[in-house]
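Please build the complete structure, drawing on both the sequences and the hints.
All letters in the sequence shown, in the order written, are residues 0 to 699 by numbering that gives the first Met the number 0.
There could be a bad hint or two in this list.
[What the hints assert, rightly or not] Distance condition first, Cα-Cα at most 20 Å in a straight line; then the derived SDA-like pairs of lysine to any residue: (1) K648 x F690; (2) K191 x E294; (3) K396 x Q379; (4) K336 x H373.
Hints are computed from structural coordinates only; laboratory data are not their basis.
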Amino acid sequence: MSQRLLNFLLPFSLLSWVLLLLSALSHSGASPWLGVWPEWSTQLTQGAFVLGIFLYYRYRSSPLQGQAFVRLLRGLLTGPGMLALACVGLHLLERLAKDQPVFSSNSLFFTCIYTLNLGLFVIFLARTNYAWRALVLFRSGQRLQREWTVFEVLLGFTLLFRLVGINPPNYIGIPIVVALGLYGIYLSGHQKWVAYLSQREKWRAVLLQAGLLLGVLIFVQYFRVTQADPQLIAPQPQYAFLLLTAFFSAFYALMGLMVTFFNLPISDIIEQRRSEILRLQRLTQIIQRGQTSAEVYGILLESAVQTVSADAAWLDLAPGHAGAESAEATQYFNLSKPQVDELRTRLAAHDLPEGEFITNDLNMRAGFEGLPQHFRSLLQLPLRGLQFNYGMLYLLKLEPHTFDREDLSILQTFTSQAVLSIENLELVRTSLDNQRTQEELKISFQVQDSLIPKNLPTDNWFEISSHSLAAREVGGDFYDFLHLPGRRLAVIIGDVSGKGVTAAFHMAQMKGIFHSLMQENPLAKNERDKFPVPSRFMAQANMALTHCLEKSSFITSSLYIIDYEQGGFVFARAGHCHTLYYHALREEVFYFDSAGLGLGIIRNESYEKHIKNQFYDYSPGDVMVIYTDGIVEARGGSGTDEYGEDRLKLRLEESYFQNAEEIKRYILNDLNAFTSGYPIHDDQTLLVIKFKSAQPPPTA
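In structure tokens, the structure reads:
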């Protein structure tokens with residue numbers, strides 16, 4: 000609809016102007032062949048032309064694109080503004096022609112020039128008025144847009160009434176014009192676009208608006224001079240229309256010029272605030288680019304100095320906080336280290352009260368008396384985070400009383416953003432460390448999982464069931480089995496002090512030592528020396544761990560060597576949990592009471608004296624329960640109660656008649672019920688060995 004209207008208005012306006020020209024020629028008598036047109040024809044054609052031109056520019060797309068304010072003003076000056084020059088040229092041509100005898104009495108020439116200037120002036124007014132409209136409505140609300148539409152309608156009717164000669168009495172007409180003028184003043188006060196100009200752009204806008212104002216005045220002067228020209232027969236209402244229209248256009252140009260001009264003194268402040276915002280954005284982008292704490296501190300110092308135009312500055316970083324290790328302890332600007340040391344000493348003697356950050360005259364501050372200071376104003380601002388005090392920023396100026404609360408507010412924003420960036424960097428670094436740790440734990444878990452026996456030993460003489468659960472991703476509990484010559488089976492269980500990766504590493508070491516020491520010795524002179532007995536194994540293992548186990552670490556362990564053929568076993572306990580046993584013939588459940596000291600507690604040859612072998616003959620139906628302290632020390636009840644050895648003993652008394660897997664499951668079900676709602680705090684390992692009555696087939 001809008002495009003079709005524009006396609007109609009352009010030829011309509013051109014036709015109206017041609018009819019206006021013919022009407023003017025008819026009334027001037029310059030073309031007798033036109034006859035005499037009615038008196039109202041000039042007003043009608045001129046009104047149609049004005050209405051067509053104004054509607055055409057009203058419904059065109061906005062001349063303002065984005066924030067190209069200067070481009071809009073420049074387009075007006077080089078477009079409609081050139082019309083004013085054309086008007087001057089035509090006027091000069093008219094004045095020159097008057098001096099020529101051939102043109103001196105020819106009103107045809109002057110009427111054509113006058114009508115052409117009238118058309119140029121209407122186009123000039125339409126384009127400038129709707130350019131002003133675009134500037135007034137820049138980022139405006141619906142209310143201002145409605146108010147402008149009302150102003151447009153009222154002004155249009157007023158001008159058209161003037162044009163067709165409808166002039167109300169002065170006591171009505173003058174108040175209407177005054178009211179419209181005041182309304183125009185109110186609307187022209189909306190100059191938000193000026194705030195978006197830089198200092199340089201404001202000077203350009205001032206010059207361009209002055210040029211446009213000059214163009215309006217040139218047109219007005221032309222029509223004022225030609226008003227009394229005897230060779231022109233122009234209706235009197237025409238001059239009232241032209242002058243009133245020019246008044247509103249010139250008035251807005253003048254208001255825009257004044258607002259822009261009076262905004263020039265604050266341009267520096269606006270530019271400064273804009274640069275402060277850019278510096279703040281620069282700080283916020285540091286974390287996204289993955290820069291270091293040192294770079295954050297460096298940009299903070301640089302931005303703070305530039306923002307308040309400080310003559311000197313330094314930044315003290317508090318030791319021991321996150322990020323301090325990657326930055327210099329002190330950063331300087333226009334100061335030497337001895338100067339800073341002296342100032343720091345004097346400042347430390349007399350701290351400012353809490354909440355005070357500005358010293359307006361260092362000569363008057365306690366601790367600085369007696370020696371005139373080169374720098375007179377000081378602003379000191381702490382860098383505080385949620386948990387740490389990151390340091391102190393000091394800014395100095397030569398003149399006294401040069402820091403204010405606005406400077407302090409901006410710098411507090413800078414320091415808050417810098418601290419936030421430091422904390423974010425630390426969070427990112429921690430996150431990356433955690434990610435690497437998780438990858439390491441994953442690998443450690445895979446390694447440890449590969450070390451836990453998947454296939455338990457099976458034999459007609461016994462059955463074994465096992466359970467292992469780490470308190471963390473990886474743990475320090477271990478167990479293993481190894482078949483030995485002469486129908487023997489070695490069973491080891493252990494617990495490394497501590498938790499996590501370190502405990503898992505020592506667990507892997509202990510498992511390697513177990514396999515290394517328990518392998519058959521081909522150079523042994525007799526069957527007994529082919530592999531060490533448990534006490535000897537513990538002594539050798541203690542010696543092997545001497546150089547790879549931290550002084551604060553130790554390992555508890557128990558080693559069992561089961562002899563199927565003889566129907567017995569021998570074991571040694573290195574500080575590990577007591578072995579729980581069910582004797583089928585006596586129908587008795589008890590703990591083996593054996594001495595022993597953890598591996599790594601004593602690291603010399605005397606260790607073997609603290610380890611004793613214990614021999615025991617088993618019967619079919621006997622049950623041996625081997626475990627780590629994570630079982631008996633598991634917490635439940637009120638959170639302080641432990642599962643305990645007595646409760647474990649009772650569970651075996653209730654389940655000894657079942658097979659090994661069922662006994663294990665019975666104990667674990669009771670353990671889980673006891674600890675329900677409480678997290679596991681230590682690694683848990685449980686082995687159940689049940690001796691059977693079946694005998695292996697006789698050997699050949």
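20 Å Cα cutoff - pair K191, E294: Roughly 38 Å separates the two Cα atoms, so the pair is violated.
Holds or violated: K396 and Q379, Cα atoms, limit 20 Å. holds (12 Å)
Given the hint that K648 pairs with F690, does the C-alpha gap stay at or below 20 Å? holds (18 Å)
Given the hinted pair K336 and H373, is their alpha-carbon gap at most 20 Å? holds (16 Å)
In summary, the one numbered hint that this structure violates is 2.
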